[in-house]
Structure formats: structure tokens, C-alpha cells
Amino acid sequence: MITLGIVLVLLGEAVLFFEEVPLVDFITGTIWAPMFEPKSFGVLPLVCGTFLITCGAAMIGLPSGLGVGLFLNDFAPNWLRSIIKPVLEILAGIPTVVYGYFALTVVTPLMQRMSPSVEVFNAASAAIVVGVMVLPMVASLCDDAIRAVPRSIKEAGYALGATKCEVALQVTVPSALSGIVASFILAISRAFGETMAVTLAAGSTPKLTLNPFESVQTLTAYIAQVSTGDTPQGSLEYKSIFAVGMLLLVVTLFFNMLAYYLVKRFRTVTE
Amino acid sequence: MASMDDMLKSMSKSVTLTTGTANLGDSQIEHKAMIRAIWRPRPKRRWLAGRIFFLLTLLSTLIGLISLIFLLESILGQGWERVSWEFVSSFPSRIASRAGIKAALVGSLYLTGLVASIAIPLGVGAAVYLEEFAADTRLRRIIDVNIANLAGVPSIVYGMLGLMVFVRICALGHSLLAGACTMSLLILPVIIVTAREALKTVPMGVRLAALGLGATRWQTVRAHVLPTAMPGILTGVILSLSRAVGETAPLLMIGALSYMAFVPESPMDDFTVLPIQIFNWSARPQDEFRVAAAAGILVLLGVLLTVNACAIFARMRFQRKMQW
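Here the protein sequences come in this chain order: A and B.
Residues in the first sequence are numbered from 1 upward in steps of one, following the working numbering.
Residues in the second sequence are numbered from 1 upward in steps of one, following the working numbering.
Quick caveat, the hints were computed from the structure, so don't treat them as lab data.
Mixed in with the good hints there might be a few duds.
Using 27 Å as the maximum straight-line C-alpha spacing, the simulated BS3-like pairs for lysine-lysine come out as follows [claimed, not checked]:
no., chain 1, residue 1, chain 2, residue 2
1, A, 264, A, 85
2, B, 44, A, 154
3, B, 44, A, 164
4, A, 264, B, 200
These stretches of chain A come out as covered by chain B in the derived footprint (C-beta under 8 Å, 3 or more residues) [stated by the list, open to error]:
no., segment
5, 56-66
6, 101-114
7, 126-138
So the derived label-pair ranges between C-beta atoms look like this [stated by the list, open to error]:
no., chain 1, residue 1, chain 2, residue 2, range
8, A, 112, B, 65, 38 to 48 Å
9, B, 288, A, 169, 43 to 53 Å
10, A, 85, B, 141, 25 to 35 Å
11, B, 117, A, 85, 26 to 36 Å
12, A, 112, B, 140, 15 to 25 Å
13, A, 264, B, 121, 22 to 32 Å
Glycine residues also receive a C-beta, built at the ideal position from the N, C-alpha and C atoms.
This is chain A alone, in the form it adopts within the complex (with noise of 0.2 Å):
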């Protein structure tokens, strides 16, 4: 029902905006400008935000989730767990926009200082919190896939004589493979509509551009942006936030459809 409802208002509104602004123009323009005139609408430069922001956060929640999991699993005595997993809950219940406030005011200063080209808004500092925020997600999933590793195989490994990280990276990270890469997948698809931290950290100005140290927008905080300001109902821009909102949409149904199939595959092997 509520899928259904969701399709529906999108698909309406979306399908006015399309009879104004003709589909190829939408996928293949690289300007984005919907508030200036010539009025354009090339939804290039706000997938390029998202996916560079999505990216760099992949590149230090992924890995490090996982080394969460396997430190977890492997290495930490039950009192360490103890406390690590009640830590990690914290980092997941934390509000986006506590993220979004720590990027502008903690990271961004951090990296300015390194550098002073960075600006105030820039994808990177976006990319480092949406990073951490995914952290405990792939931590946990991770961990609950490492440990539905039967216990017989790694044995198996050690009684080959088999080092701890042998039997870690061999046995038991290919065997929790489907899971560890579904939790990728929730992880990726749930950078991709991150809204608040993104709003606040990466600015603005929709930009086709892969330098991470300059103000970009992504496809959420666009929606943010038109939402928050007075734009009237039923103009071009109102409807545009539904065209990019189905994009969204379709994009993360996507992922989730396969995070989905992986883990029912992997299910049905385990058992």
C-alpha cells in the first residue's frame, strides 16, 4: 500500500515535470539550474555530488566495518565486546544531523587547517561523517554474518595449521561473503539517501566535478534545499524534487532488492 502511494505521487508529479523537461535532457544535461534562467535541468552534476560523496564514504565505512566484525569475532575478549557493541549502538542511534553538525564544525576546521584551498563546504568532510555514520551498520551485519560461520570449518582451518588471519581472510570471510557484501550494499544505498549531514557539510552548488575539496550538491539535499525554501506549488521546480525523488527511489530499491536476494542466497547455503 504505502510502496504503491509512494510510486503513485512520485510517477504523477514526475510525469508533469517530464512533459515540460524531455527525459534524455534530464539524464544527459551536465547543468543543473533550475532557480536561474535559461532554466536547466541535466540531472548530471547532482548524481556526480551523490556518488562522489557516496564513494568516499564507501571507502572508509566499508573496509572499516568489516575490520570491525573480524576484530570483534577473532581477536576481542568477551569483556571488550562487552563494551564495543553498546558503543556501536550509540554511533547508530545518533540523530544525521548531530553528523551533519559535527562535519561543519570539527572536520571542516581540521582539514582547512591542513590546507587552506579546502572550502567551507566541501564533499570530503561529507564523506568522512556519511562514512563513520555507515560504520556501525557493517559493523553489526558484518559481525552477525562472521558469526553464522559454522564453527566445524574454521576449526578445519586451524587444525591445517592455518595462522589466525589465514583462517580469518580464506575461511571465514569467503564463507560470510553474501552477507558481508548485502550489509555493502544497505550501507551503500543508505549513503546515497542521506539527507541532513550531506545538507550541511557538502553545500549547495550543484557542480560536475570530482575534486572531493569542493562544495557539491547531491540529489537529497536538492530535494532539502527547494523543499525548504518558498517555491510555489506546481511550478517547474516543485516538480522537478519529484523527478529527482524517483531517481532516489529507483536507485535505492535497486540496491535493496539485491542486498535482499544476496542474503536469501546466502541463507539457503548455511543451512
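Based on the hints, put chain B in the right spot on chain A.
Same frame as chain A, but now just chain B:
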């Protein structure tokens, strides 16, 4: 089976290969190299690799811990002195040093109450239906996949849905009720999923015993299954409520105000919530507002911690009651 055969074949091939070269003995060096390729202990290198691996995983764990400490430290350092009774009980102001969060705090609490009263009955009801009553049909499986998917939809998309359905079509305006409805939609999938997991852990014997004593299906669920599953359901509900408290994006979409000089009194009033107030303050360039934002974050985190503590406490009480 085919892969097994292939493996055996290739193994026997390699065995004949090695023994072949050994028997021939024409090249002693080649033979030695082969042996080395097959069996290399290299204990030092492997030990080193193990240490490096350990350090890497330790490092990634520390990243999480350090960032948490760093985050708390910076917020405490900036905002602690601003938190006072005055800060909590005054309205936002253009002058940063006099700005307070009364309207936002009341709005947040009001909204959470409304969300709880909408989402909990709906969510738990749906979970009970899906888990206890629904037959395993194709429709149910579609609903399953659907709910799992909905839990992953970005929150701002829910905001757009809320904007269209509640604000425009139902003409609720930018009101507290519209916000609560949107938030309820957002957390419903999470509540349903966790409640179903909790219901799944109830042993089948409990149900069979109740049914065997002549209870109807509804009586079984109400008197036995639900109380047993209660701790799990409660945890899920409270965790999703705390998500609702911290969520900003959808409310931004449906138009919660960022400046409010009065307290909302009925569900139809305009409103604002803590995260939006924080967002608004941290987006401003002046340092004084940044400090106010830090103080606001402290209050928000305080509310969240209290909610989570309630969850843990409630879970403990129920668990004690339900000992077998």
C-alpha cells in the same frame, strides 16, 4: 558431484606429475623448487601477516571509538555551558545568546507521543496478523519483500509522500498531525519487522498448549503469545521511536517551521522539532548559533538516551516476569 570428480582428477594428475619428476630425477633443482612451491612454512612471514592483520582490525575498531569520543568531546566542549534551564524554557530568538528551545522540545515530545499512538497499534497489529493469522500465500510473500524494501527507502522520500498525501490531499496543512502521520509511515516497516522477529521466537509449544486447552486463536495470541514476545516488541518499538525523534529530513519536507515563538497546543497547530532547530542553527555562520546548536544536540542526545534507558529497563522487567 561433477566438481568433486574434477577435483579428484586434477589432484591425481598433480600427484603423478610430481612423482614423475621425482622418479625421473633428471633435474634435481626443478624438483626442489616444486617441493618448495607446494610446502612453504615461512613462519616469520606468516606471523608478521597475522600481526598486521590484527593491527588493521584493531585500528578500524578504534576509528569508531575515537570518532565517538571526539564527537562527544567537541559537542560537550562547545555546548555544555549553554545548557541551562533558561535555554530549555525560552523561545528561539534572533539574538543568539537569548535563543532557547522551548518550542522545539515541546514539539518533539508532542510529535513522539502522536507517532507512538499511531504507529504502535498499526505496526504490532500488522506483525501479529502476518505472523499468526495470515496464510502462506503469494500475496503474503509479496508483502514480506515489500516491507523489507520499505525499511530501506530514504527518509526524504517519505517526506515527499507526506507532503503530497497528508499536507495537500488530506489538507492537514503543515500541522503536527501531518508530521506525525509521515513519521509513522517512516517507522512502521521497522516496527513490523522487529515485532515479527519477536513473535517468531515464541516457542510453538506455547501456542499449541493454549489451543489444546480450547482457547480460540485470538485468546491464544492475546494471553500467551503477545506477553511472551513483549520484550522483543518493546525494544523494536522504542528503538524506532528514538529514530523518529532524531529524524529531520521528512519533517523538513512537509514544512515544519524553523522559527516558532509559541508552544503547539493542538495536533492541528504548526510545529517545529529539535533536529530542525539544530539544523537551522548550525547552518548559520555566526559562532553563537553554533554554540546554541551544540547545546541543542546535548538536549536531544539526553532525550534519546533517556528513551533508550527506558527501553532497556522495560525489557528487563518483562524478562523477569516471563521466566519459565
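Report holds or violated for chain B covering the segment 126-138 of chain A, Cβ cut-off 8 Å, minimum 3 residues.
Coverage by chain B holds here, the residue count being 3 at a Cβ distance below 8 Å.
Report holds or violated for chain B covering the segment 101-114 of chain A, Cβ cut-off 8 Å, minimum 3 residues.
Contact hint for the segment 101-114 of chain A vs chain B: holds, 5 residues under 8 Å.
Regarding the pair residue 264 of chain A and residue 85 of chain A, is the alpha-carbon distance no greater than 27 Å?
25 Å, holds
Holds or violated: the 43 to 53 Å window for the beta-carbon distance between residue 288 of chain B and residue 169 of chain A?
Since the Cβ atoms of residue 288 of chain B and residue 169 of chain A sit about 51 Å apart, the hinted range of 43 to 53 Å holds.
Within 27 Å, alpha carbon to alpha carbon, are residue 44 of chain B and residue 164 of chain A?
Given pair residue 44 of chain B, residue 164 of chain A holds - Cα atoms ~14 Å apart, limit 27 Å.
Please check whether residue 117 of chain B and residue 85 of chain A have a Cβ separation lying inside 26 to 36 Å.
Cβ of residue 117 of chain B to Cβ of residue 85 of chain A: about 32 Å, so the range 26 to 36 Å holds.
Pairwise beta carbon distance, residue 85 of chain A to residue 141 of chain B, judged against the given window 25 to 35 Å:
Check passed, 33 Å falls within 25 to 35 Å.
Please test the hint of 22 to 32 Å on the beta carbon pair from residue 264 of chain A and residue 121 of chain B.
31 Å, holds
Residue count check for the segment 56-66 of chain A against chain B: does it reach three with CB-CB under 8 Å?
Per the Cβ count (4), the hint holds.
Regarding residue 112 of chain A and residue 140 of chain B, is the given constraint of 15 to 25 Å on their beta-carbon distance met?
55 Å, violated
Regarding the pair residue 264 of chain A and residue 200 of chain B, is the alpha-carbon distance no greater than 27 Å?
18 Å, holds
Lying within 38 to 48 Å: is that true of the beta-carbon distance residue 112 of chain A to residue 65 of chain B?
25 Å, violated
Hint violations for this structure: numbers 8 and 12, all remaining hints satisfied.
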